[in-house]
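Chain U is fixed; fit chain G onto it per the hints.
Given next are the chains, with one letter for each unit.
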Amino acid sequence: MTEDKSTMTPQQFIDELRRYQKGSVSRRHFLGVTGLGLATAVLGGAMPGLRPRKAHAALSGTLNFTTWPNYFSQENFDNFTKNTGVKINVSIFGSNEEMLAKLQAGSTGWDVFVPTNYTISTYKELDLVEPLDLKLMPNYDPAAQDPRFLGPGTIDGVTYAVPKDWGTTGFVVNTKNAPQNPASWKEFFDLAQGDLKGRVMVHDYQLTTIGSALKYFGYSFNSIDEKEMADAEKLLLAVKPNLFGIDSNYQPSMRNGDAWMSMCWTNDAAQLHRDIPEMMFVLGKEGGEIWTDHYAIPKGAPNREAAYAFLDYILTPEINAKEVLAHGAPSTDSRTNKLLPKEMLENPILYPAAESLSTLEFGAAATLTSPLRAEVMARFKAA
Amino acid sequence: MSDRQHSRSVTALLLAPAGVFFFFLLILPMIVVLVYSFGERAEAGGYAPAFTFDNYLNLPARSKAFINTLTLAPLGTLLTALFAYPMAYFLAVKVSPRWRVTMLVLVMAPFWTSQLLRYYAWILILGAKGIPSWLAWIGIDDVRIINTPLAVLIGAVYGFLPLMVPPIYVSLEKLDKRLLEASADLGATPWRSFLQVTLPLSLPGVATGSMLVFILLMGDYILPQFLGGGKVYFIGNALVDLFLQSRNWPFGAAVSIALVIIMFVTIFFYMRFVLGKSGQRRVAMV
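Protein chains in written order, with the numbering used here: chain U, 7 to 389; chain G, 11 to 296.
Okay, chain U solo, but in the shape it has when bound:
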């Protein structure tokens, strides 16, 4: 093969992207050297749907975006606003149950939200989400998605949500303060009542908090069996007085040194480990959760056009790669993965070994609406 200066490897691309993100090079340099500027101009001219100014001329107002803590690239959002004139108003939630409650109550004013795999069938049943018109988001390519994660968003052949990224639920340990080296949920909950008294956090979220307590006993993460739930509740009530806190936004407390161990999602673990190397991510050896978050548009979204424009923008591989670099949850899109640096694709936090994945379970829809799950969580918090 001849050396062609006009092409670049994904690695080179990411290096340039990093330089641009850090502000070492200008946007013009970045677009020029990567060929993206030219490509965009050509593509933009050739594809009517992508012609930025004209297509976005109709857009205005605000896009209300509802998501999880520490879960997007501000730079991407700023650029969307710059290109379209649509301001993005971000709301942060701590649990899918909270999102469902708001949507059930009605009039949320949300345009795009980020539901997790196990909730989508319920949203569809309750008629709370809009079937997506994929023609309005040409940058999304179902064929490029990892087929493992395509199931939950598509119901009876209709797409209600598109995968954003995936990850696992384990726990993060500050190994400098907590050298005990726990490897299982059993050790997690035992340490929380023992050596790490007052230093451990759990999520303010029934699925993971109850699910992980169920794993302590070796039960299914998704159990709604009364006897098994009673065991989990007993464990949680015993642990409660010894916890540092119950919060799904645990990064501030972990960074501040108040908490030394916390239930943790892939993306938070990646961010914490990146900034503080002694923060280690552990998948409980009994198992736990594997999840896929999705983008969806609620029924009656006030700024539907902007919502589609946003989905189309954010699912563009180059933009999506910047999202992944910012939040650290692995993408479901193979086109995006090609743009990511090798060390990221080899990071065991993001891509755990296949054998540790095999014990993990996807959340089950029944846990979302189970009154028992809801009441056990509420009793645990009120104890």
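Treat the hints loosely; a few may be bogus.
Unchecked claim - Taking beta-carbon pairs under 7 Å as the criterion, some of the chain G residues facing chain U (in silico):
no., residue
1, Arg128
2, Ala131
3, Gly137
4, Leu254
If you're looking for bench data, these hints aren't it; they were derived computationally from the structure. Model, not experiment: these values are computed from the prediction. Every residue, glycine too, gets a C-beta built ideally from N, C-alpha and C.
Coordinates of chain G only, in the frame set by chain U:
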């Protein structure tokens, strides 16, 4: 139309906006809450019509939240009053009138930034790198403040001081200085004058301020959420969880009704005793 009839219709006309407001935004919603409290949780969450007392029978499941709120809210109010009184006294009696307005404005200044932002700041002040690390420096190790009831009390005093100071200030400011002169002429020490003249006459201000702070603390959920970190649980948090997580609206409605009744009874007796007493005292003093 007689003058009397005329004045009556004017009164009715002037009260109409408030009446409509209270009917639609207070009484009607309370009726809805009451009706819901006898219902059942719908299958996917929410409300399903029914007539059951189960929600009220289940109230003991939230007893810890009621106990927490009913101890920490009065305690927080008391502490706030103890901090506010000297401040208000200083402003009303010691500070020259020229500086009074400026200083009153400074008392209110924290209200100009978001409450959430201020509580976030307290998370850092009370967290491991804040006060505990200074204490460790002088040899007092392993002090935990954040996510304890103490943190919530500190937040309450800080957050509600600006609401407590002005009413006390007003009652102290309009205090007739001649009463103090008379008290001194009759041989009372300054301390005795304070206890028997100033304090009783300023009690209505203390009562008003305390009422404001107490009502807000009883229904608060942000303060315990931020500085209690899920470990100090108020009725407000129980309500948020019931409506926004468990989606058990009927039980949430029953908890609300219980809270309203507790508030009503507490405030009724508080008004009777504190306000009633100080009113009588005032007459007796003069």
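- request: Classify the hint on Ala131(G) as holds or violated, based on whether any CB of chain U lies nearer than 7 Å to its CB.
  value: violated, 12 Å
- prompt: Hey, does the Arg128(G) contact hint survive, CB to chain U under 7 Å?
  reply: violated, 16 Å
- prompt: Taking the least C-beta to C-beta distance, is Gly137(G) closer than 7 Å to chain U?
  reply: Since the shortest Cβ distance to chain U is 5 Å, the answer is holds.
- prompt: Quick one, is the Leu254(G) hint okay against chain U at 7 Å, beta carbons?
  reply: holds, 5 Å
In the structure shown, a violation is registered for the earlier hints numbered 1, 2, in ascending order.
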